[in-house]
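Trainee: Here is what each chain is made of, one letter per residue.
2 protein chains.
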Amino acid sequence: MRYPHSFKTYHKVVSHANRGMNLEELINDANRYYKDNSIALISKKPTPIGIVSVKNENSKKIITKAFFKEQSTLDYVGVYKGYYIEFDAKETLSKTSFPLNNISTHQIDHIKGVINQKGISFLIIKINNEYYILDGNTLVSFINKEKRKSIPLEYIKKYGYLIHSKGLIKLDFISSLDNLIGGFHEKN
Amino acid sequence: MRYPHSFKTYHKVVSHANRGMNLEELINDANRYYKDNSIALISKKPTPIGIVSVKNENSKKIITKAFFKEQSTLDYVGVYKGYYIEFDAKETLSKTSFPLNNISTHQIDHIKGVINQKGISFLIIKINNEYYILDGNTLVSFINKEKRKSIPLEYIKKYGYLIHSKGLIKLDFISSLDNLIGGFHEKN
Numbered sequence: 001m002r003y004p005h006s007f008k009t010y011h012k013v014v015s016h017a018n019r020g021m022n023l024e025e026l027i028n029d030a031n032r033y034y035k036d037n038s039i040a041l042i043s044k045k046p047t048p049i050g051i052v053s054v055k056n057e058n059s060k061k062i063i064t065k066a067f068f069k070e071q072s073t074l075d076y077v078g079v080y081k082g083y084y085i086e087f088d089a090k091e092t093l094s095k096t097s098f099p100l101n102n103i104s105t106h107q108i109d110h111i112k113g114v115i116n117q118k119g120i121s122f123l124i125i126k127i128n129n130e131y132y133i134l135d136g137n138t139l140v141s142f143i144n145k146e147k148r149k150s151i152p153l154e155y156i157k158k159y160g161y162l163i164h165s166k167g168l169i170k171l172d173f174i175s176s177l178d179n180l181i182g183g184f185h186e187k188n
Numbered sequence: 001m002r003y004p005h006s007f008k009t010y011h012k013v014v015s016h017a018n019r020g021m022n023l024e025e026l027i028n029d030a031n032r033y034y035k036d037n038s039i040a041l042i043s044k045k046p047t048p049i050g051i052v053s054v055k056n057e058n059s060k061k062i063i064t065k066a067f068f069k070e071q072s073t074l075d076y077v078g079v080y081k082g083y084y085i086e087f088d089a090k091e092t093l094s095k096t097s098f099p100l101n102n103i104s105t106h107q108i109d110h111i112k113g114v115i116n117q118k119g120i121s122f123l124i125i126k127i128n129n130e131y132y133i134l135d136g137n138t139l140v141s142f143i144n145k146e147k148r149k150s151i152p153l154e155y156i157k158k159y160g161y162l163i164h165s166k167g168l169i170k171l172d173f174i175s176s177l178d179n180l181i182g183g184f185h186e187k188n
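Protein sequences, first through last, are from chains E and F.
Heads up: the first sequence runs through residues 1 to 188, numbered per the numbering used here.
Heads up: the second sequence runs through residues 1 to 188, numbered per the numbering used here.
Rather than coming from a laboratory, the hints here were simulated on the basis of the structure.
If you're wondering where the values come from, they're calculated on a predicted model, not measured in any experiment.
Treat the hints with caution; some may be incorrect.
If several chains are the same, the list does not tell them apart, and a pair holds so long as it fits within one copy or across any two.
[Unchecked claim] In silico EDC-like pairs for lysine to aspartate or glutamate, Cα to Cα no more than 16 Å straight-line:
hint	residue 1	residue 2
1	K112	D36
2	K95	E154
3	K44	E70
4	K112	E91
5	K45	E70
6	K35	D109
7	K60	E70
8	K166	D75
9	K145	D178
Please model the complete structure; the sequences and the hints are all you need to start from.
Mentor: Next up, the structure:
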């Protein structure tokens with residue numbers, strides 16, 4: 001499979017375009033496409049760290065000790081047609097359900113906060129080699145209603161939005177988001 | 001001046017509540033208040049870093065060398081009544097104008113991108129011991145029209161929105177933002 005030259009700029013390693021990109025790379029790639037084509041402006045937040053020590057090296061500050069902190073919000077944030085968008089990418093090796101221990105309590109609280117402010121918050125879930133958008137509202141209502149520790153794939157298929165590729169975009173989640181926003185499937 | 005007990009929780013060092021808080025602390029403080037009172041959900045993005053080396057220590061990953069990267073977006077992002085909000089905090093020692101070299105070209109491009117997606121983007125500028133919201137539209141139009149390298153205080157006073165304290169919030173920028181959103185002053 002060959003790509004036109006313009007597509008190559010989206011990939012440092014062109015051979016990765018076709019397969020082998022992990023979920024984060026697929027999302028970053030889509031976001032780059034959306035940005036370059038003025039479709040949406042979404043970026044990954046930097047990883048939060050706690051800095052322990054810093055030294056000066058050639059008049060530049062160099063971090064010499066730091067540790068990783070847990071992200072209490074979601075990893076991706078942006079704006080699309082005036083909508084506030086915040087989401088996280090999750091994947092599971094299970095082929096039949098998505099374990100809820102993939103999401104921290106902080107993140108669930110944050111999703112509720114975003115919903116409360118009329119923002120759009122969701123998960124992109126990779127399960128069984130498919131990708132779905134699961135709306136924050138759906139997630140919260142599942143957690144409130146069910147006592148189960150994982151969301152069955154059938155539930156995700158029913159209430160989530162499958163993400164397809166479109167043209168050069170391997171993971172065209174904005175098109176699925178349109179369905180969510182427009183209530184296209186009238187699922188919820 | 002004394003604060004009720006509930007206010008103390010917003011400050012690690014209570015003596016800072018009254019004076020001496022820097023711009024970032026004032027904004028973080030307001031954001032904490034807005035979050036706790038379900039007024040808005042805004043947070044500071046983590047500082048972006050480039051990680052050079054990592055080691056394992058007691059089965060935890062410790063960063064042993066990293067450098068600071070430039071933020072190409074704005075520092076604060078969040079959602080307020082369905083509005084996408086992104087802004088940066090800037091201060092200048094000049095008492096008469098705000099030098100544009102405080103803002104990187106990347107940040108100006110990003111502001112344009114947010115505007116293009118119908119988000120709200122602005123600067124909080126501390127100048128001459130006062131705080132103003134300067135809308136991204138106003139900033140971009142100044143840069144496009146004027147050849148000057150700094151924005152005169154008079155311009156900021158005329159087209160910006162002064163930020164006041166309100167009750168426990170020292171820097172109540174959401175109230176000023178309401179004016180911007182509602183076009184209350186019909187300035188632009």
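Trainee: Could you run down the list of hints and mark each one as holding or not?
Mentor: Tested hints:
no.	hint	result
1	K112 / D36	between (31 Å within a copy, 13 Å between copies)
2	K95 / E154	within (11 Å within a copy, 63 Å between copies)
3	K44 / E70	both (15 Å within a copy, 15 Å between copies)
4	K112 / E91	neither (21 Å within a copy, 34 Å between copies)
5	K45 / E70	both (12 Å within a copy, 13 Å between copies)
6	K35 / D109	between (29 Å within a copy, 11 Å between copies)
7	K60 / E70	between (27 Å within a copy, 13 Å between copies)
8	K166 / D75	neither (23 Å within a copy, 32 Å between copies)
9	K145 / D178	neither (26 Å within a copy, 37 Å between copies)
Violated hints, in rising order: 4, 8, 9; the structure is consistent with all others.
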